[in-house]
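Visitor: One-letter residues, chain by chain:
Protein chains: 2
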Amino acid sequence: MPDRRRSWWGWGWEGEGPDRRQKEAIAAGLAARFGLAELAVAEPARLEDLDLPRPRVEPPESISRYCSSGVYERASHSYGKSFRDVVRGFRGQMDHPPDVVAFPADEAELVSVLDWATGAGAAVVPYGGGSSVVGGVECDPGDRYAGVVCVDLGRLDRVLEVDRVSRAARIQGGVLGPSLEEQLRPHGLTLRHFPQSFEFSSLGGWLATRSGGHYATAHTHIDDFVESIRMVTPAGVLESRRLPGSGAGPSPDRLALGSEGTLGVITEAWMRLQDRPRYRSSAGVRFTDYGDAVAATRQVVQAGLRPANCRLLDDAEAALSAGSGGGVHLLVLGFESADHPVDGPMTRAVEICAAHGGQVPDGVRTSGPDQESSEAGRQGAVGAWRNAFIRAPYSRDALVAMSMIVETFETACTWDAFDDLHAGVISTVEKAVREVCGAGTVTCRFTHVYPDGPAPYFSVMGPGRRGSEVSQWDEIKAAAADAVLSHGGTITHHHAVGRDHRPWYDQQRPRLFAEALKAAKSVLDPAGVMNPGVLVDPS
Amino acid sequence: MPDRRRSWWGWGWEGEGPDRRQKEAIAAGLAARFGLAELAVAEPARLEDLDLPRPRVEPPESISRYCSSGVYERASHSYGKSFRDVVRGFRGQMDHPPDVVAFPADEAELVSVLDWATGAGAAVVPYGGGSSVVGGVECDPGDRYAGVVCVDLGRLDRVLEVDRVSRAARIQGGVLGPSLEEQLRPHGLTLRHFPQSFEFSSLGGWLATRSGGHYATAHTHIDDFVESIRMVTPAGVLESRRLPGSGAGPSPDRLALGSEGTLGVITEAWMRLQDRPRYRSSAGVRFTDYGDAVAATRQVVQAGLRPANCRLLDDAEAALSAGSGGGVHLLVLGFESADHPVDGPMTRAVEICAAHGGQVPDGVRTSGPDQESSEAGRQGAVGAWRNAFIRAPYSRDALVAMSMIVETFETACTWDAFDDLHAGVISTVEKAVREVCGAGTVTCRFTHVYPDGPAPYFSVMGPGRRGSEVSQWDEIKAAAADAVLSHGGTITHHHAVGRDHRPWYDQQRPRLFAEALKAAKSVLDPAGVMNPGVLVDPS
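Protein chains in written order, with the working numbering: chain A, 11 to 549; chain B, 11 to 549.
In isolation and in its complexed conformation, chain A is listed as follows (with noise of 0.2 Å):
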């Protein structure tokens, strides 16, 4: 067991995050900033007041052993960790709650799980960790099923081979993302995915849902780091040959890659991994056009200059989160190399910004082998946002105990879409959130870039109602899925579809696709037990 618990409503470990005086401080700054009398600190639903509904399905004793229906364990899995999900956790409301949670140590445990749940005509979600924000692990059974089994991966957490030579980790699906770097540093090796919900997310989550790293550019996604995929499907297992590269027919990773769980359970995969990087070079560049800022970035990416980390911070979210003055849009700037020093092409990025009119009065700081390793990034405008990144998940469970609507919303488009779709986009949104918030902030920031176009990440924030939050998310939320879609976005850059993103995927993804897709679904679902709701419905 371990010695700390997960909060089963909120973001993280239980305890963590800013304590009482903290967030009425932090009230105190936003009903000042939105002009509000004062914002209350509600006190979540407390576990012992819970009242499930009684367990619709119970596994056989065989089963059992390593399955739970208490209600620390249903409650924790109900829900993945988007605003409306830490909403109605918080105030207790569990709208839909598995029956069984399962907790298989291995893949005969696995398949005896999906085997039993296929027989009793149970849905079955496959659980990670628990970090989906698009309603990916909560499951409404409808009349089609006869109950939810949520299957829990966390005991499939270990690192089972290691190729030092090929630079490549045979690992389990379950590994939560420290424990995975953790058992890689002893070989000098590490996956380098970083994203916001690191501590709290899986390899197999990462896999299934296309998850998006911390680099900003180049080789970021999950997709290009597996060199084979093993997923037990309810019709056996589907494991794909260990290559480094391979036009042998329709890549079968790319089928797992992004399937939701809807497939199957992805139980292991290789992936590529890389030494440890020792050379370090970041920046904060400063625009106060965001049109030159938007055009430098494009060009230190189409350079193939390849920074590690290529963030641009409208002015807004650069003064919420980096602590830059106001009207300054900041562009953050990091390369690294395990290999050899990289102030070349930071020298180089800062020249393409400076002749759009960056600047940067931090200067470039720059870390080798012989320094600290940690120290390059750690300070000023850039140290700030790192920091503020990490924290995120933990300040906005404080947020909901103030009733505010506070989420984000992510999609990618190609150079030439997106200063329409920015306007657009934002426009939209600033409209629906002083409709329905009264006031709020809507800001930007691109998570990812890519030659032909940026990934834009949208934070939204403003005073909710109590006990309507989740409504008035869900408005806000369809007025800027319908802007991005309308503006040539996708419904999702890294945040995958989940039931949330449905509608907007459904008019997103080829009809035929879907068709095809259904069809690949019958053969490894046949009775479409696997995680209903989620990109297809089962024919």
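Worth flagging that the hints you see were computed from the coordinates, not collected in a lab.
The reader is advised that the hints may include incorrect statements.
[To be verified] Where chain B lies over chain A, by a calculated footprint (3+ residues, C-beta under 8 Å): (1) 140-150; (2) 236-250; (3) 413-426.
A virtual CB, placed ideally from N, CA and C, is assigned to each residue, including glycine.
Knowing the structure of chain A, use the given hints to seat chain B on it.
Guide: Below, chain B alone, put in the same frame as chain A:
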């Protein structure tokens, strides 16, 4: 009409390649090398002597104006360009000529062809540049199909739209490499995808076969350059949204990529482009020990240096194609950029090689925007290699006239598997060549290198027996393919599966994936008319 006509049996333009006297000189050299009394140079069959069976299907009048059942059209669309194809073409043995060759000028005409063929019960073979070396376009209709309709996409050959700011273009699938680059040049852009078949392969073919470009590392697979794909299937049009990146479910594009004409015809794609390179640096590094050369190559690519060219030629291959002395393994290194000098990474790469005993007797050649852009890399061992690379397909036609067995096969494996794979494949194939040809050579180069493994490419040459060349090669190829698979390689890194690789593809790809793919095919191609025999059999 083009003013030059393509050879109906061999690689390129009619009349290109070595002339009679050059061929006789080559034959004399090869006879000496393999200890033969003489090596006769035969003449190819004449088109007018071909006696093709009557077409089994005939298009209706509405379609016939863009169809042909002429001898030249049927003969020239009978085969791809593998050794076994060229041998049979050379001798006028047309095993499975298509009944009709259609040349649709737009999607409407293509749809009419698909509709007619489906109704007539004929198989449909999409044909781009016809450069398949795996039996991708040769279709035996067997008992199931009334005949074979070859759909030549050559009239869908335009760049339709250029987006300079995102550096992307909407391009028709039938365009061949040279025309594509010519149309992009006025925009200062390039796809920079240069497979050896560049002159006679098409964008649609590259996409359908997951082609590998000439870049040796990093982004080289055509897969990674796709923003969106438009595919006309018998069930309708499947078109994905144009995006720089997306995490919305399994990628629709990745189902089309590698589908080898079994799901539909790729008519258009939005492709990511690049600025034309202005800075170049190249070097030929010589090693006396192969293990050292492999270790150096691995370290260069694992260091994240991303050379555009990183091809390791073993001593035999280096002697044959780069004219270097015996016992010297040659690593061809090249860097390029449109934005900045590339001396830094080249210096570091040479430093890494030197630490493994690599020497650079010709020095490093560098060019920038002020110099003749083609200078670097055109001289010395590197230039010799490049020249041989481009002319190779023409030379092979000449060798076929001498009944030489001359063919290549390729794979990819992780670094940890490479030493055994290399030794095992070389010894197996050398033994097979000895048994089949009496004498011969087997050489190896890396065409592509990944941080987690190389893509070794093997070339085989030996004297054949006139009339038995195909069965001789088939025997060698079977031994090679068995060895590749048993040592952990893929049956193909970038040549695709086609019909020739089917037995090994069937072993390699996961059984459940094949079933899922068949189910997807049954949706997109319900009558199972698209390129039967390739990848999977229709249900």
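Visitor: Flag every earlier hint the structure violates by its number, smallest first.
Guide: 1
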